[in-house]
Amino acid sequence: MHTKYLAFAIPLFLVFMGLEYFLSKVQGKKFYKFKDTIANLNVGIAERLIDCFSIGIFYFYYDYLQKNLGFFDIKSGVFSWIALLLLTDLLWYWYHRLGHEVNILWSVHIVHHQSEEFNFTVSARITIFQAIARTFFWSILPIIGFNADMISIVLLIHGIYPFFTHTRTVGKLGFLEYIFVTPSHHRVHHASNEQYLDKNYSDMFIFWDKLFGTFAEEIEEPVYGLTKPLKSYSFLWQHFHYMIELAYAFKHAQTIKERFRILFGKPESLDPRIREELEKRFIIQFNEDQNSKRVYTYVVVQMISLLIGLFVIIYFLDSISLTSQILWAFFILISLINCGALLEQKRWIIYLEAIRLFIVGLLIQSNYPSTEIFYAIAILGLIIIAFAKTLKNQYFKLIFG
Numbered sequence: 020m021h022t023k024y025l026a027f028a029i030p031l032f033l034v035f036m037g038l039e040y041f042l043s044k045v046q047g048k049k050f051y052k053f054k055d056t057i058a059n060l061n062v063g064i065a066e067r068l069i070d071c072f073s074i075g076i077f078y079f080y081y082d083y084l085q086k087n088l089g090f091f092d093i094k095s096g097v098f099s100w101i102a103l104l105l106l107t108d109l110l111w112y113w114y115h116r117l118g119h120e121v122n123i124l125w126s127v128h129i130v131h132h133q134s135e136e137f138n139f140t141v142s143a144r145i146t147i148f149q150a151i152a153r154t155f156f157w158s159i160l161p162i163i164g165f166n167a168d169m170i171s172i173v174l175l176i177h178g179i180y181p182f183f184t185h186t187r188t189v190g191k192l193g194f195l196e197y198i199f200v201t202p203s204h205h206r207v208h209h210a211s212n213e214q215y216l217d218k219n220y221s222d223m224f225i226f227w228d229k230l231f232g233t234f235a236e237e238i239e240e241p242v243y244g245l246t247k248p249l250k251s252y253s254f255l256w257q258h259f260h261y262m263i264e265l266a267y268a269f270k271h272a273q274t275i276k277e278r279f280r281i282l283f284g285k286p287e288s289l290d291p292r293i294r295e296e297l298e299k300r301f302i303i304q305f306n307e308d309q310n311s312k313r314v315y316t317y318v319v320v321q322m323i324s325l326l327i328g329l330f331v332i333i334y335f336l337d338s339i340s341l342t343s344q345i346l347w348a349f350f351i352l353i354s355l356i357n358c359g360a361l362l363e364q365k366r367w368i369i370y371l372e373a374i375r376l377f378i379v380g381l382l383i384q385s386n387y388p389s390t391e392i393f394y395a396i397a398i399l400g401l402i403i404i405a406f407a408k409t410l411k412n413q414y415f416k417l418i419f420g
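Residue numbers (this note's numbering): 20 to 420.
It is worth saying that the hints were derived from the structure and are not from the lab.
Fair warning: there could be bad hints in the mix.
[Claimed, not checked] List of simulated lysine-lysine pairs, DSS-like, C-alpha gap at most 30 Å:
#1 K250 - K285
#2 K218 - K191
#3 K54 - K250
[What the hints assert, rightly or not] For each label pair, taking beta carbons as the anchor points, the in silico distance ranges come out as:
#4 I323 - K23: 18 to 24 Å
#5 L33 - L382: 21 to 27 Å
#6 S171 - E236: 32 to 38 Å
#7 F72 - F183: 44 to 50 Å
#8 S343 - D168: 25 to 31 Å
#9 L105 - I339: 34 to 40 Å
#10 A407 - P291: 37 to 43 Å
Since we're looking at a predicted model, the values are computed, not measured.
Using N, Cα and C, we set each Cβ at its ideal position, and we do this for glycine too.
Modelling step: build the complete structure from the supplied sequences, incorporating the hints.
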C-alpha cells in the first residue's frame with residue numbers, strides 16, 4: 020500500500036469524531052469543549068505532519084537492525100504474525116508503564132494526558148518525541164528477527180486500535196473486557212482519581228495489566244487530566260513544559276545523585292513549585308474568559324485549512340518538491356502555535372501572522388518563479404512594514420473586538 024493512502028485516515032477519523040459528538044449530544048452529555056478539542060487536534064496535526072518525514076526513517080532503522088543485528092530471519096506465517104502482535108503489545112506495555120514511572124520518559128508522554136476531557140480527539144495527542152521513545156523499545160523486534168515490513172504493518176494496526184478506546188460513549192463490553200483493552204479500561208488509565216492512578220497501561224490486550232498487577236476496573240466516574248492541571252492551551256508549552264521543568268530542576272540540583280533522581284526518578288518526586296515558578300517566568304496563564312465569536316471562527320477556519328493542507332501534503336508528498344515540503348511544514352507548525360495563542364489572546368500572534376505571510380510569499384515564489392511575482396511580493400511586504408502599526412491595531416480590533 021502506498022503511504023499516500025494514509026491521508027484518508029484524516030477524514031475517516033474526523034467522521035468518527037463527528038459521530039461521537041453527535042452521540043454525546045443524544046446522550047445529553049458534554050464530552051467536547053472547544054478549546055480542549057482544538058488543543059488536541061493541534062498536537063495530532065503536528066505529529067502526523069512530522070510523521071510524513073520520519074516514517075521512512077523508522078522503516079529503514081528497523082530494516083537495518085534486522086539485517087545487521089537480527090538473531091533470526093523470521094518468515095511471514097500465522098504464528099509469526101500472532102507472536103509479533105503479542106510482543107509488540109508487551110513491549111508497549113513496558114514502554115507505557117515506564118513512561119509513567121520515569122521522569123525523562125514521562126516528559127514525552129505527558130502530552131497525551133493533558134486533556135481534561137476524554138473523547139476521540141484525545142487519541143491524537145501523540146508527539147514525535149513519544150514516537151522516538153517507543154521506537155527504542157520496539158527495536159527489540161527486528162533484533163529478534165522480524166522484518167521491517169511485518170513490523171510496519173503490525174505497528175499500523177497497533178496505532179489504529181487505541182483510537183477507538185478513547186471514548187465515553189461506549190460502556191462496558193461484556194466478555195471482551197477480559198481480553199482486550201476497552202474504552203472502560205482506558206478511561207481508568209486517563210483518570211486522575213487516586214485509585215485509578217498508574218493503572219491499565221495495556222494498549223490492545225488487557226491481560227498484561229492483570230499479569231503484572233496494574234489492573235483497575237472502572238467503578239466510579241473518572242476525573243480526567245493531570246493531577247496538577249496544565250494552565251495553558253499553548254501548543255509549545257504543552258509539548259515542552261515538563262522538559263523545561265526537568266532542566267530547571269537538574270540545573271539547581273546540588274549533587275549527582277539528585278540529578279540522576281530528577282531524570283530517572285518518578286514524576287511525583289519533582290517539586291510542583293517548579294512549574295508555578297516557570298509559569299510566572301514565561302507568563303503562562305490559564306484564561307477561561309469568553310473569547311469573541313470572531314476568535315472561534317478564525318480558529319475554526321484555520322483548523323479546517325490545516326486539516327485540508329495536511330491531507331494534501333500526505334497524499335501528494337512524492338510529487339511536492341523538498342523546498343515546498345519544508346515551507347508547508349513550517350507554515351503548518353507556525354499556524355498550530357498561532358491557534359493556541361489565539362485562544363489565550365496573546366498579542367505576539369501578530370508576529371506569527373507576519374511569518375506566515377512571509378512563508379506564503381516564499382511558497383508562491385518557489386513554485387511560480389518569475390521577476391514580476393518577486394517584485395509584487397516585495398512591494399506588498401514593504402507596504403505591510405510601512406503601515407505595520409495601523410495594520411496591527413486593525414487586526415486586534417477585528418479578531419478580539
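Structure versus earlier hints, numbers of those that do not hold, lowest first:
7
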